[in-house]
Amino acid sequence: MTYLDYKVAQTPTGWRKILHLNWPLVFLLAAVASAGFLMLYSVSGGRPHMWAEPQIERFAVGMVAMIALAFAPIWFWRSISVPAYVVCCIMLLAVDLVGHIGMGAQRWLDLGPVKLQPSELTKIALVLVLAAYYDWLDMDRVSRPLWVLIPLVLILLPTALVLKQPDLGTSVMLVAGGGIMMFAAGVSLWYFAGVLAVVGGLVFAVLESRGTDWQLLHDYQYRRIDTFIDPASDPLGAGYNITQAQIALGSGGWSGRGFMQGTQSRLNFLPEKHTDFIFTTLAEEFGFIGTISLLTLYALILAFCLYSALTNRDRFASLLTVGVGGTFFLYFAVNMSMVMGLMPVVGVPLPLVSYGGTQLMILLMAFGMVQSAHVSRPRG
Amino acid sequence: MRKSPKDVVESARSVSRRGLMLGAIQAAVVGTLGWRLKSMQLDRADEFRLLSDGNSIKLRLLPPARGLIHDRHGVLLAGNEQNYRVTITREEAGDVSTVMARLRHLIPMTDSSVAALMAEIDRRSAITPVSVADRLSWDEFASIAVNAPALPGVTPESGLSRGYPRGGDFAHVLGYVGPVSDYDLSKIENPDPVLMLPEFQLGKVGVEAKLEGILRGKAGTRRVEVNSAGREMRELSRIEGEQGATVQMTLDAGLQNFAIQRLGGESAAAVVLDVQTGDVLTIASSPVFDPNKFVRGITSTDYGTLMNHDHRPLADKTVQGLYPPGSTFKMVTLLAGLESGVINGGSRFYCPGHLQVAGRRFHCWSRGGHGSIDPVQSLEHSCDVFFYELAQRVGIDRIAEMARKLGIGVRHDLPMSAVAEGIAPDRAWKRAKHEEEWQVGDSLNASIGQGYVLASPLQLAIMTARVATGLAVAPRLVRAVDGVAEPAPDFPDLGINPMNLRIARGGMDAVMNGDRGTAAKSRILAPEWRMAGKTGTSQVRNITAAERARGVISNDQLPWVRRDHALFVCYAPVDAPRYAVSVVVEHGGGGSAVAAPIARDILLFALAGGLPPLDAYPPGQRDAVVEMRAKLRLDTPEPPKSARVRA
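In order, the protein sequences belong to chains A and B.
Just add 69 to the spot in the first sequence (first one is 1) and you have our numbering.
Here our numbering is used: position 586 in the second sequence is 568, and no number is missing along the way.
Some hints here could point you the wrong way.
[Unchecked claim] Just so you have them, the derived chain A footprint on chain B, three or more residues with Cβ under 8 Å:
no.: 1; segment: -2 to 7
no.: 2; segment: 13 to 23
no.: 3; segment: 30 to 36
[What the hints assert, rightly or not] Some chain B residues flagged as far from chain A (calculated, every beta-carbon gap over 10 Å):
no.: 4; residue: Pro131
no.: 5; residue: Arg204
no.: 6; residue: Ala400
Hints were generated in silico from the structure; no laboratory data involved.
Glycine included, every Cβ here is placed at the ideal spot set by N, Cα and C.
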């Protein structure tokens, strides 16, 4: 489909576009981010200059950027999808090279005034390029092996580069995000079933091989698995973080200890309290009421994305919206599962709440594309 | 690639089908998360809340202030002083060496102490405060507090530390406190947790140790919130501790000070008892040491000096020192003879200057002999032969029995360290101790307080008090605890015939006031303070026959450690006894020349409630008294009126 195919007459143009933004989504994002500001203020012990103020500034810039991006026509995103993907891969390569020279893990690319984390950008670029690919691909070829192989390569190339950094969390997010795109595009469920079967078999083999001659992992790796399954088995060692996080979470009870009254976070029992583990502070201070409210806000954001995608008859726009929503979903689901002890600890922030500039900006820009898709959707 | 409208519709439908499936999966995940939240935050909240509180709330002890010790008039003998100290915490200090350099401008520190401190700071964890300086003056402390902004990590702290304002005067009786050692803890079953506090002080010896139970008080508690590193963040609640009991001693600070000064650095001891109540007014051991040095941590040089001093300043000679009582024991032998009926007031023995018993010659101190002697004269002249004759007839067992009745060879219960029992020897004792039969010569030696007989100055004072009253006077040191007076003692009668007691007292009176009394020079002229006493000079060596042939060498020509001990016991006033005094001067020479004037001066000070008028002394003594007084450096405290405790 080209831009000529759009029913131009029914699509808002110019400043009128602002009236057609997905405003509920804008308010939901702002609500979640505000909860984040509160929590950042709390974990800093009432020193807003530490995290809350910078976060608010970035959020303001991000919101403006989101609305600005919403004005761009949807075809613009499709047309930049491939170049964006290529640029991202080059930047990842550059980071790997610089990091290699620097003899250590490096995720940042210093572009003079801006420091960029290309792996964050890559998540969106991957969504864009896969959406464009499936938009271009005929429906009846979607499940053919050759046409399945191409998106797999598109996913695994940046994943491999990110894994080299090394950044396991983002790698997992890229694979899962790509998987969601392929699922939404209609790739046969048999492929997914096959992958699940292989992964399940592998896990089974790894666990079964323990203590035998053909043991697949090192002993210390098994101990990590033990710690994940039962953090209490090693409360002062590897399980310390997760044990303390669960104590904070559980001790919140129904209504929590009150704003700024959480002992676990304020007394430094919690690790990474302003980034990956910020959810535990919210849980401790605002209790179940707070956590379930945040979860509801997240679910509503997902629901609005999904509704927008389902009502959008442009396949690229629809896939883009599903992809951004899916990435967002992965973020918060993985983060919450991690702090609740449902998943091993991987470094994934809580979207819009955790402190972190790149992550916040890129997420809001991605929602800018979702808004653009929403504004430009074919009507009637 | 251009698509047909059908394709567009088809693709849209595909997206919506998969979209709905995706939505369902996401909803399921969100539902799982919500369920997990519910189970953790609602179902298991109590369990986690408990764990969280256990993490962050710690109980800290507040050390109680130690109980005060006053003298009988309310003069402070042991108190708690503010101890200003400074600690440094590495984590907050950052650059420790810079901070230390600045600190050195404010408080004096040597290079070596700074080096030791830096090593200590490095060794401790970053958040543990390390003590930089202790016992700062207020000015130093204030200057550090004022400069706090330039001294990150430096905390001026104030705590309580034991102090003894009377210096060395009460060092032996009160003892001192010190930091709790592992050895201390090993001795205590189930130790009070407050003992584990780093700055806590425990009574080590003397009253401080014996009354530890009531002086320590009860620790308070603070509930504090700590962070993951154990650092205190805030206090949640506080229960103040209870200060230890205020103990009022029977001691008289002014009299004790006078006694110490009057002993004048000799290796000596003096005890003053109130014969009516048993109150120990003074229990002075000389030389003294400064207990404050022990509290602050005595240097090894100071400690070495104390340990190597031949006058043994660390020993408490009043209760731990055991001496042959010499002639002061003669009241015991005399009363044993009178009570057994062997002699009566009119009995006489003839003293030719010596007595031949069992092939051995026993000498009287008077080589020419005393001639015919009655019981009163036996004390007045301190005739040895009289007692040799008596001892042979009475037998050692009855002498020992009388000795114990009068308090010698018996442990007296005082809250002091290592109170010695002394020895009142008898046949059974020698058989048990030396696996030998008692010899008649042993009796003769014992009869004049030599040989196996050993008594402490405290026991001699008790003996004197019992002779003076006929009652079983028992000493006591504690007058009141927390303002509640100890019950007034009601001493039982000793069961000694008053007639016989009167003879012994008459003898003691004659010692002072008889024409030829051995201590007549030290008599008190003032009739209302008329005193009775008994001299004693106990040998620390045997005089061999060869020496005696050559002529006994006088004490002045002997090395100090071989000189005789000088002893004196006395009480006054003779008609209505109030105070009994004993004085022992180790290697002092003669009892009448050395010990008697000291005992008289102490007794007079007690009777007069201060320095007595000169006309209480015999005219010939007054110049010597004036000279003696000029040498004293008295520090007589003014008793605070408000602190008086009802007795």
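Notebook entry, point to check: Out of the numbered hints, which ones does the structure contradict?
Noted result: none
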